[in-house]
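Peer 1: Here's the letter readout for the chains.
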Amino acid sequence: MNACPSLNWRELLAPRFERSSSNAEPEGLAEALVHFDACPACRREACRIDPTLIFRRLPAAALDFDLEAERMRLAVAGMRASERVETRRAAAFGGGLGGRPLARRLRSHGVRWTLAAGLAAASLVLGGRGDLAGSGGRPLSGRAGSLAVTGGAVPARLDRFQAPVAVESAVEDLGRPEARIYQLDGERLSVVMIVDEKLDV
Amino acid sequence: MLRLVHSNPTPRPAPRWSEASDRDLLLAVRGGDEAALSELIGRKTKPLLQLTQRILGDLEEARDVVQVTFFRVWEHRAKFDERWSPNTWIYRIASNLAIDHLRSRRSREKSTEPVRQHMRQAADWRSQKDISRLQQTEVAGIFKELSDELTEKQRMAFLLREVEGLSSQEVAEILDCRESTVRNHLFNARKLLKKTLLARYPEYAARYASDPNLGEEVSA
Numbered sequence: 001m002n003a004c005p006s007l008n009w010r011e012l013l014a015p016r017f018e019r020s021s022s023n024a025e026p027e028g029l030a031e032a033l034v035h036f037d038a039c040p041a042c043r044r045e046a047c048r049i050d051p052t053l054i055f056r057r058l059p060a061a062a063l064d065f066d067l068e069a070e071r072m073r074l075a076v077a078g079m080r081a082s083e084r085v086e087t088r089r090a091a092a093f094g095g096g097l098g099g100r101p102l103a104r105r106l107r108s109h110g111v112r113w114t115l116a117a118g119l120a121a122a123s124l125v126l127g128g129r130g131d132l133a134g135s136g137g138r139p140l141s142g143r144a145g146s147l148a149v150t151g152g153a154v155p156a157r158l159d160r161f162q163a164p165v166a167v168e169s170a171v172e173d174l175g176r177p178e179a180r181i182y183q184l185d186g187e188r189l190s191v192v193m194i195v196d197e198k199l200d201v
Numbered sequence: 001m002l003r004l005v006h007s008n009p010t011p012r013p014a015p016r017w018s019e020a021s022d023r024d025l026l027l028a029v030r031g032g033d034e035a036a037l038s039e040l041i042g043r044k045t046k047p048l049l050q051l052t053q054r055i056l057g058d059l060e061e062a063r064d065v066v067q068v069t070f071f072r073v074w075e076h077r078a079k080f081d082e083r084w085s086p087n088t089w090i091y092r093i094a095s096n097l098a099i100d101h102l103r104s105r106r107s108r109e110k111s112t113e114p115v116r117q118h119m120r121q122a123a124d125w126r127s128q129k130d131i132s133r134l135q136q137t138e139v140a141g142i143f144k145e146l147s148d149e150l151t152e153k154q155r156m157a158f159l160l161r162e163v164e165g166l167s168s169q170e171v172a173e174i175l176d177c178r179e180s181t182v183r184n185h186l187f188n189a190r191k192l193l194k195k196t197l198l199a200r201y202p203e204y205a206a207r208y209a210s211d212p213n214l215g216e217e218v219s220a
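Residue numbers (this note's numbering), protein chains in the order written: chain A, 1 to 201; chain B, 1 to 220.
A couple of the hints might just be wrong.
Unchecked claim - Beta-carbon label-pair distances, calculated as ranges:
#  : chain 1 : residue 1 : chain 2 : residue 2 : range
1  : B       : D64       : A       : N8        : 17 to 25 Å
2  : A       : R188      : B       : R83       : 55 to 63 Å
3  : B       : K79       : A       : R10       : 41 to 49 Å
4  : B       : T137      : A       : E18       : 51 to 59 Å
5  : B       : L59       : A       : P5        : 16 to 24 Å
6  : B       : S21       : A       : R84       : 23 to 31 Å
7  : B       : C177      : A       : E18       : 28 to 36 Å
8  : B       : T137      : A       : V195      : 25 to 33 Å
9  : B       : S167      : A       : H35       : 36 to 44 Å
10 : A       : V195      : B       : S18       : 42 to 50 Å
Stated by the list, open to error - Mimicking SDA-like on lysine to any residue, the simulated pairs with C-alpha atoms at most 25 Å apart in a straight line are:
#  : chain 1 : residue 1 : chain 2 : residue 2
11 : B       : K153      : A       : E70
12 : B       : K46       : B       : F187
13 : B       : K191      : A       : A14
14 : B       : K46       : A       : E68
15 : B       : K46       : B       : A20
16 : B       : K195      : A       : E18
17 : B       : K191      : A       : L7
18 : B       : K153      : A       : L7
19 : B       : K153      : A       : N8
20 : B       : K153      : A       : C39
21 : B       : K194      : A       : A30
22 : B       : K191      : A       : L33
23 : B       : K191      : A       : P26
24 : B       : K144      : A       : G28
25 : B       : K191      : A       : E68
26 : B       : K153      : A       : L29
27 : B       : K144      : B       : E75
28 : B       : K79       : B       : E60
29 : B       : K195      : A       : P15
30 : B       : K79       : B       : D58
31 : B       : K194      : A       : R80
32 : B       : K79       : B       : L59
33 : B       : K46       : A       : E70
34 : B       : K46       : A       : R57
35 : B       : K79       : B       : D148
36 : B       : K191      : A       : H35
37 : B       : K46       : A       : R80
38 : B       : K153      : B       : E203
39 : B       : K144      : B       : L59
40 : B       : K46       : B       : E164
Since the hints were made in silico from the structure, they are not lab data.
Fair warning: this is a prediction, and the values are worked out from it, not measured in the lab.
The beta carbon of each residue, even a glycine, is placed where N, CA and C say it ideally should be.
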């Protein structure tokens with residue numbers, strides 16, 4: 001079997017082994033190599049001139065790449081978690097500023113302080129509302145059915161508490177739309193819990 | 001009484017990252033979107049694993065490098081510039097890690113002589129065994145041995161250009177050098193590979209050129 005007469009492989013491939021001023025590849029080589037992949041006769045002829053072409057189709061391992069990707073996801077998640085733990089440990093045990101970039105540390109602290117301030121303010125405000133609600137004032141519930149616990153049922157240990165009810169948010173300006181806010185009213189004090197899975201604290 | 005006083009009633013639907021471009025994915029990753037990172041991992045694991053396995057010649061080491069590549073992508077996500085080609089940026093991270101890995105390995109690696117002997121033995125078995133499978137193993141093994149003679153940059157340029165089929169410009173961006181330098185690396189790599197292939201495996205090169213079946217198998 002002869003190579004296709006329309007392709008002069010010697011002319012196309014010889015410049016690959018000549019150091020010219022430009023070292024540019026001959027015109028038509030890219031198209032010829034596409035043909036090379038599909039034509040056994042041309043492959044033989046071309047490899048005779050440039051044996052390195054046998055490496056053009058280096059075999060890759062036959063793997064289940066979906067499974068490999070899943071392993072990658074787990075490994076990367078593990079590395080990220082490990083890095084977080086390490087930087088916190090460094091910060092907690094005298095790591096100084098070396099464990100985490102200063103800007104990130106300040107940003108993280110900023111989030112914490114903002115939340116703490118919001119929590120304190122909410123406690124003061126809601127503490128008063130709790131008294132009102134307890135004495136028959138306007139309940140916090142508003143749009144029935146519009147609010148629900150995301151992520152499953154209330155744990156059994158909380159059964160002595162009232163099940164989540166649809167109430168209007170009293171902390172509108174939190175700026176964390178995916179957070180859930182729970183409120184536990186006492187006689188003189190209300191405790192507010194903010195649950196946000198994405199909060200990196 | 002514990003009461004739920006605020007909850008997002010309708011969580012925002014997750015974007016359909018499977019339909020997003022690589023660039024959009026990386027921009028989302030830059031914004032801290034973990035779902036986008038997950039999609040990126042799903043999309044790039046195969047090409048990166050194939051590339052790094054060819055560079056390193058070892059699947060387990062390739063897995064390690066690809067894991068660290070994705071971790072670096074996440075850690076350095078803020079540095080991604082949308083003017084860059086996503087592939088180029090990711091390949092560059094993976095290539096640099098693979099080169100580092102190669103350097104550290106070379107400092108502790110033994111001679112490749114046993115590999116060479118194994119390949120010669122394998123060539124003798126070719127007529128009796130599963131030719132297609134053996135042929136593929138041989139090609140990979142021979143490349144692993146011969147490419148040890150190349151510099152890291154020569155090996156990377158050859159793999160990215162000749163095997164992965166990237167353009168010279170893309171290879172230059174990945175290797176952080178000029179296109180003319182890439183061409184120079186390619187020229188030297190081809191020359192050295194051809195010389196060592198013909199010197200160490202003359203029967204292989206000759207057989208490849210004369211056996212009508214071998215070309216079929218390599219491309220399979």
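Peer 1: Next, verify each hint and record whether it holds.
Peer 2: Hints versus structure:
no., hint, in the structure
1, B:D64 / A:N8: 17 to 25 Å, "violated (45 Å)"
2, A:R188 / B:R83: 55 to 63 Å, "holds (59 Å)"
3, B:K79 / A:R10: 41 to 49 Å, "holds (47 Å)"
4, B:T137 / A:E18: 51 to 59 Å, "violated (33 Å)"
5, B:L59 / A:P5: 16 to 24 Å, "violated (42 Å)"
6, B:S21 / A:R84: 23 to 31 Å, "holds (30 Å)"
7, B:C177 / A:E18: 28 to 36 Å, "violated (21 Å)"
8, B:T137 / A:V195: 25 to 33 Å, "violated (55 Å)"
9, B:S167 / A:H35: 36 to 44 Å, "violated (19 Å)"
10, A:V195 / B:S18: 42 to 50 Å, "violated (30 Å)"
11, B:K153 / A:E70, "violated (31 Å)"
12, B:K46 / B:F187, "violated (28 Å)"
13, B:K191 / A:A14, "holds (11 Å)"
14, B:K46 / A:E68, "holds (8 Å)"
15, B:K46 / B:A20, "holds (18 Å)"
16, B:K195 / A:E18, "holds (14 Å)"
17, B:K191 / A:L7, "holds (23 Å)"
18, B:K153 / A:L7, "violated (31 Å)"
19, B:K153 / A:N8, "violated (31 Å)"
20, B:K153 / A:C39, "violated (31 Å)"
21, B:K194 / A:A30, "holds (20 Å)"
22, B:K191 / A:L33, "holds (19 Å)"
23, B:K191 / A:P26, "holds (17 Å)"
24, B:K144 / A:G28, "violated (30 Å)"
25, B:K191 / A:E68, "violated (36 Å)"
26, B:K153 / A:L29, "holds (23 Å)"
27, B:K144 / B:E75, "violated (32 Å)"
28, B:K79 / B:E60, "violated (29 Å)"
29, B:K195 / A:P15, "holds (16 Å)"
30, B:K79 / B:D58, "violated (30 Å)"
31, B:K194 / A:R80, "violated (44 Å)"
32, B:K79 / B:L59, "violated (29 Å)"
33, B:K46 / A:E70, "holds (12 Å)"
34, B:K46 / A:R57, "holds (16 Å)"
35, B:K79 / B:D148, "violated (33 Å)"
36, B:K191 / A:H35, "holds (23 Å)"
37, B:K46 / A:R80, "holds (21 Å)"
38, B:K153 / B:E203, "violated (29 Å)"
39, B:K144 / B:L59, "holds (13 Å)"
40, B:K46 / B:E164, "holds (12 Å)"
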